[in-house]
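Sequences and hints are given; from them, build the entire structure.
Listed here are the chains, written in short residue letters.
There are 2 protein chains.
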Amino acid sequence: MLSLADVKAARERIQAHVHKTPVMRSQILDELTGAELHFKCEHLQKAGAFKSRGAVNALLSLPAEKLRHGVATHSSGNHGAALARAARIKGVPAYIVVPESANAVKKAAILHYGGKIVESESTLTSREKTLSEVVRETGACFIHPYDSETIISGQGTAALELIEQVPGLDALIVPVGGGGLLSGCATAVFPNIKIYGAEPEQADDAFRSFTTGTLVESHEPRTICDGLLTTLGKKNFEIIRAKVTDILLVSESEVVEAMLLLWTRMKQLVEPSSAVTLAAVLREDRLFRGKRIGLILTGGNVDPALMAGQLSNSRQSG
Amino acid sequence: MLSLADVKAARERIQAHVHKTPVMRSQILDELTGAELHFKCEHLQKAGAFKSRGAVNALLSLPAEKLRHGVATHSSGNHGAALARAARIKGVPAYIVVPESANAVKKAAILHYGGKIVESESTLTSREKTLSEVVRETGACFIHPYDSETIISGQGTAALELIEQVPGLDALIVPVGGGGLLSGCATAVFPNIKIYGAEPEQADDAFRSFTTGTLVESHEPRTICDGLLTTLGKKNFEIIRAKVTDILLVSESEVVEAMLLLWTRMKQLVEPSSAVTLAAVLREDRLFRGKRIGLILTGGNVDPALMAGQLSNSRQSG
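Heads up: the protein sequence lines correspond to chains A and B, in order.
So the mapping is simple: the working numbering equals the position in the first sequence, first residue as 1, plus 5.
So the mapping is simple: the working numbering equals the position in the second sequence, first residue as 1, plus 5.
Hints may be right or wrong, so weigh each one.
Pairs count within a copy or across copies, as identical chains cannot be separated in the list.
As the list claims (entries may be wrong) - Quick list of in silico lysine to any residue cross-link-like pairs, SDA-like style, CA-CA up to 20 Å:
#1 K25 <-> R270
#2 K13 <-> L67
#3 K112 <-> L266
#4 K112 <-> R270
#5 K199 <-> L292
#6 K95 <-> T143
#7 K239 <-> M29
#8 K248 <-> I94
#9 K121 <-> T135
#10 K248 <-> R18
#11 K25 <-> Q170
#12 K25 <-> V171
#13 K134 <-> E222
#14 K248 <-> E138
#15 K112 <-> L265
#16 K134 <-> H224
#17 K112 <-> S317
#18 K239 <-> S153
#19 K112 <-> I33
#20 K296 <-> T135
Hint data in this document are derived by calculation from the structure and do not stem from the laboratory.
A quick note: this is a predicted structure, and the numbers were derived from the prediction, not measured.
Quick look at the structure:
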């Protein structure tokens with residue numbers, strides 16, 4: 006299993022190519038939750054998400070002969086943009102299989118970094134089939150978005166930085182989709198700090214895998230959190246079982262409420278996926294009141310149409 | 006006329022009660038403008054705007070007998086919230102005359118800090134009449150939102166901090182409404198750094214006053230920038246004439262474009278008024294290309310309905 010040493014090595018490898026992101030606080034949110042909240046701002050990371058950490062680590066870890074024909078992946082967004090950017094650093098092509106339904110801002114980011122978009126249907130089967138074809142035709146090396154050791158140790162550098170920036174955390178809360186970030190952060194902080202995953206009730210495969218001990222291999226998520234639609238990976242599950250304290254569920258309305266707080270109170274334009282952690286703190290008062298908590302704001306690539314809709318609704322109801 | 010020493014004294018006075026706000030950069034916005042942009046994040050200031058600097062300085066500069074019955078002002082928003090917060094620090098009441106049309110987020114902030122809202126009609130005449138009545142009835146001390154030496158020197162502390170955080174600025178660009186921030190910042194940086202005001206074309210009283218040399222005493226602004234509706238003050242004009250290099254105008258569509266860039270690229274939820282400076286850099290390529298520029302992001306108290314509308318429009322047109 007990966008160790009803290011792997012995460013430290015990843016940090017050495019990537020630090021010239023990613024930001025050391027700031028940590029923000031909010032007096033209003035501290036008052037509202039009764040906790041001391043420290044937000045690690047990965048929405049201010051290169052390409053707008055923590056995914057740059059894993060992507061750069063994966064690319065810089067590959068031997069030259071594997072990189073020769075470029076890299077490929079399937080991604081609804083942030084991993085694709087991060088991989089395109091990492092490939093550009095190494096001067097090789099990146100082929101990104103993107104479902105038609107993907108958010109326009111994330112597609113634009115892939116193109117901005119010189120990635121080549123290959124469209125597929127939205128089902129996992131179609132995405133995997135399209136990816137296989139791309140890999141066969143181009144000879145590109147597949148970089149899995151989360152079920153990969155170099156991706157996991159790269160994502161874990163976010164937690165490594167945070168615990169140095171904020172000593173004495175009682176707990177760290179991390180969104181969980183495929184589990185790359187959660188397993189990486191758990192590797193970085195276990196056993197010194199309690200680590201929780203936060204997940205939408207309507208995409209609860211990590212919760213079910215964690216509580217039953219058996220990996221849920223497919224599910225049908227219906228959540229506003231477009232970064233948390235993926236199914237927990239095998240390597241990720243193994244680490245999460247061993248090192249994570251618990252997985253906390255939040256409802257869609259709790260996610261929206263937390264996201265609007267982050268927008269209007271902290272003035273930070275984060276994605277819905279980033280809001281699950283604050284939603285969990287608001288819901289699990291018993292666990293977090295009076296504690297010093299780290300939360301990772303995972304990304305800031307919000308679809309303007311989504312934003313507009315949420316804001317209109319909040320106006321009507323509030 | 007106020008001097009740098011006054012701004013330095015203001016900083017000593019207020020520093021325990023306001024944030025030293027961070028400075029942010031954006032590689033994408035640097036590439037887009039061809040300049041090196043340093044954004045002073047006053048939207049992350051206490052009460053969500055630079056106005057906390059002047060309000061705290063004004064309150065802490067008043068002799069105790071003047072403070073005895075509290076303070077009063079008229080404000081469409083940020084100055085009112087900042088004054089309410091400053092009054093709470095001193096334990097005295099704050100009466101804020103607010104036009105019915107004021108943005109709901111700003112009204113909520115006034116109440117949050119314990120301010121007492123007195124509604125008036127939206128005309129300046131009605132606001133001033135209501136304020137006079139409040140002052141007569143309560144004995145509160147009127148704190149002008151911008152045409153006041155302690156307000157001006159307080160606002161100038163934003164520039165004082167910025168030039169210490171970012172040495173070697175070629176120019177500083179500041180939004181101008183009533184002129185409190187611009188005159189304060191000019192006092193802090195003149196004559197070492199060129200200082201520009203940025204103003205909406207549809208609220209161009211500062212531009213007209215500056216270019217004709219005669220203070221325009223009333224105007225009918227029609228702009229999305231709800232923080233820039235006020236008319237330039239007398240003390241402000243005097244300083245601006247003496248120390249400001251130029252006032253730059255921007256159109257409403259340029260403001261919206263710049264605001265959307267700040268939202269989607271920098272992930273910072275700033276008010277329309279904050280976007281006039283980036284809009285000016287984008288328009289005045291000749292002045293700013295290749296230069297190291299400071300810009301003040303003045304506030305982050307955005308009306309959700311306004312945001313929703315702008316985002317829907319951007320989606321349709323983009």
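Hint by hint, work out which the structure violates, then give me just those numbers in ascending order. As far as the earlier hints go, 7, 8, 10, 14 and 20 are violated by this structure, in ascending order.
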